[in-house]
Amino acid sequence: MADGGRNLRHGYALIAPTLAVVGLTLAAPLALLLVASLKSQSGIGFEAGWTLSQYGDVLGRESYRILFGRSVLVAAAVTLVTVALAYPMAYFVAFHARRKFLWLILLTIPFWTSYLLRVFAWKIILGYGGVINSGLLGLGLIDQPLSFLLYNPFSVVVTLAHAWAAFAILPIYVSLEKIDRSLLEAASDLGDGKLRRFLRITLPLSMPGVIGAAILIFVPTTGDFVTPELVGGPAGAMIANIIEMQFTQVGNWPLGAALALVSMMMVAVIAGLFVAAARAATKAVR
Amino acid sequence: MKNRTLLVYACFYLAFLYLPVLVLPLFSFNNSAFIAFPLTGFTTRWYGALADSALQQALVNSLRVGIAAALLSTLLGLLAAKAVTRYRLKGRNAALGLISLPLFIPDIVLGISLLLLVGTMGLPLSLVAVMLGHLLICVPFSLAVLIARFEGFDRNLEEASADLGEDGWMTFWRVTCPLMLPGIVASLLLTFITSFDEFLVAYFLSGTEATLPVYIWSQLRFPARLPMVLALGTIILAVSVVLVVLAEKLRNQGVKKPMVGA
Amino acid sequence: MSFLAVSKVSKSFGGPAIVDAVDLSVERGAFFALLGPSGCGKTTLLRMIAGFETPDSGTITIDGAVMNAVPPNLRPTNMVFQSYAIFPHLNVFDNIAYGLRKLRLPGDELRRRVEAMLATVRLEGLGGRAADQLSGGQRQRVALARALVRQPKVLLLDEPLGALDKRLRETMQIELRAIQRKVGITFLLVTHDQEEALSLSDRVAVMSGGRILQIASPRELYERPNCREVADFIGEINFFHATVKGMSDGNVTVNAGLLGIVTLPSANVAPSITAGDHILLAIRPEHIRVGGQGVAGEIVTATFLGERSHFHVKIAGRTELVAVSGQAPSGKDVMLAFPAEKLIAVPTL
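Protein chains in written order, with the numbering used here: chain A, 1 to 286; chain B, 287 to 548; chain C, 549 to 897.
Just chain A, same shape as in the assembly (with noise of 0.2 Å):
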């Protein structure tokens, strides 16, 4: 226990620089990010006035809806294979496998080149001239290259589920990790088989892992703009690619203000309700 009074003010001495550099890089931008978003641009520079018309613009437009629901559609599907594909391999390495370390290491070396490499390379495989179409139709099983590959949300998902495969595996795998082996002793003692065992005890156990997976994934997958540019072709462009082009070649920073206000929020309220729903589900399996 630490000294009530005295040190306390070293406690709070430790902590003040780290907030404030996260105050100064982050509460500051954001401010500016919504002051930003209440202008109108002139030229390359703001109106002088107040307006909430780039809000009526993102709220409004049909065009954005379909971006938003997009954005969260795939984010919430890429999110969902990751952590279903990754969850039966974090419970492989945690329970049955002999050399852990060394399963950790080759689940990760992947990840230890560029994030853009990786998406990059599932386009040069799924593509039209691409690795698959061009080995099939060298081994003659096709007359002409399979189109259907790439270019769609279809793509979009397998290549987000290998780039942020490493974000489920890994939580996943600590939360499995810490569970006392005695209490799944003890669910088998009580009578609990194979499967009732894993839903009761393992599954809620191992569901900080899973929403920390499920958050890590998420948050970022709704703001990329790399992979839908790379593999989601025209009908795959989600929120962040609008986002990019107002602050790059349209220059209306404005409305590129709004839409990502409004995406954040967006993202912070399904996240929340996410922890919450998992949650509930947790306690409800009991």
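Worth flagging that the hints you see were computed from the coordinates, not collected in a lab. Treat the hints with caution; some may be incorrect.
Claimed, not checked - DEER-style ranges, computed between Cβ atoms: (1) C/Pro619 with A/Trp50: 52 to 58 Å; (2) C/Lys730 with A/Asp189: 28 to 34 Å; (3) B/Val530 with C/Ala613: 26 to 32 Å; (4) B/Pro468 with A/Glu47: 52 to 58 Å; (5) B/Pro468 with C/Gly676: 22 to 28 Å; (6) C/Ser765 with A/Leu8: 37 to 43 Å; (7) B/Asp453 with C/Gly676: 24 to 30 Å.
Quick reminder that beta carbons are idealized off the backbone N, C-alpha and C, glycines included.
Once you've looked at the hints, dock chains B and C against the given chain A.
Chains B and C in isolation, oriented as in the chain A frame:
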């Protein structure tokens, strides 16, 4: 699920993870500008093309940003982790929430809001701005790693050091630091990798000083440059693997060392 | 003035007082124990003496110097932690040498001192042993050696034997006492184990609810507890409700209901008691004479414990008490005698 079924699944999953990554080295040695089967012959000319001054500058930029972000975020993480684990701070959860907030905000929002800040303050876009953005992303990771490590050791150890005559500074050097070292190394590695690989924030803030991911992004538009980019990815992968193996060797030696003793 | 003096020291952590206006004085070279149930404030008091907590009020003096504002690293005290707090990254030798750095001793002098201390705690030749290769008893010895090698004025021990198994604990008790005699340093021990406190120390302070109930020698504490709580906490004891009839010089007459009118020596009566008070009469199980002339009782359970037996006895069909005897009486009915000189009178509260 049976062990056998799980093992088979694990192998398939591993194949899924490695397939795209192995495409990089495979085609980086292929003697064709087109990335398609069949392979046309072995060449190292794409590696020769890496002797490009823009690329080398981007690599240097990324290393500088990565090292600075790793050192600073680990230092900030260390201070904050000590504060929240060793003192009964009021508002502890609020502070932790604020520091972890960037995990819940899409990177693109962080990138453009920092772009606004830099613009409003009339500062030029630069590596410093990129580094600040990376700091924001890295500190939550560093903090998580270091809090776990702080909670892992008996706080009586620091008191014992004070009891045996050492002041706060010497206690830090003789007890806290050696015991935190694995956590500090893990934090440095994790934050360096995070910064080195970060694209979205760097894309908005780097201006004319491209980092490696920004450079790679710019090259992806030119089909003729693609084999060269693959060669670059292969080298990054190879260096990483060597580093991981080395770090692992060092870690094992570190474990054995105390047993020799006086 | 006493060597270690605690005067009107109080401490709270924002709630009720954990340590409440405690006064304590310990003689130089004494083996002193702070005994009490967990949560009674004894560890907080120890940590204030070590300097890890600051008193809200009151003063702590060691050898005439006021300690309140002195940080732990500059106090002439050293502590054996309950967890032992052996530095896991250092071997045994370096753990013991840790606190000698400031003395800047030449290498062979440092080695000589550490090795002498290793011999004192009977760990000869284990200097190179890694911290994680020590048994519980060895960790305890290293913690002791590491604190003693600095030759503190007061050695503080926080439940030092709590983590050891029963047999090892008994061995270490004997050794701890021997080491204390040998080095002559003042020991202040905190424990919840009354047997440990009684067998190790010269004087014992019994603490409860942040206050000190009684400070006395172990024998005095056992034979003349000054209140119900101390009597109850130290060893096993039986209570009877009673009323003081009269007090004359040297004797006190008490109406003890079932036991009749009893006259006991006033040395056995707590000083706060006056005539007319409702009191508790107390007697240790081994002082009840089973089979003696006195009150009739019925044995409920008898437990054979080797050289003696333990009885739960009912008197008048309700009052249950515990008695100890060398030989087991035959049958259920038994006569019990209560020697007046062994009866103790304490206030009801």
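Results for each hint:
1. The supplied range of 52 to 58 Å is met by C/Pro619 and A/Trp50, whose beta-carbon atoms lie about 56 Å from each other.
2. Checked against the given bound of 28 to 34 Å, the beta carbons of C/Lys730 and A/Asp189, roughly 52 Å apart, lie outside it.
3. Under the hint 26 to 32 Å, the C-beta atoms of B/Val530 and C/Ala613, about 56 Å apart, miss the expected range.
4. For the pair B/Pro468 and A/Glu47, the beta carbons lie near 55 Å from each other, so the given range of 52 to 58 Å is met.
5. Checked against the hint of 22 to 28 Å, the C-beta distance between B/Pro468 and C/Gly676 comes to roughly 23 Å, which is consistent with it.
6. Distance hint for C/Ser765 and A/Leu8: a CB-CB separation of about 41 Å, consistent with the stated range 37 to 43 Å.
7. Between B/Asp453 and C/Gly676 the beta carbon distance is about 29 Å. The supplied range of 24 to 30 Å therefore holds.
Hint violations for this structure: numbers 2 and 3, all remaining hints satisfied.
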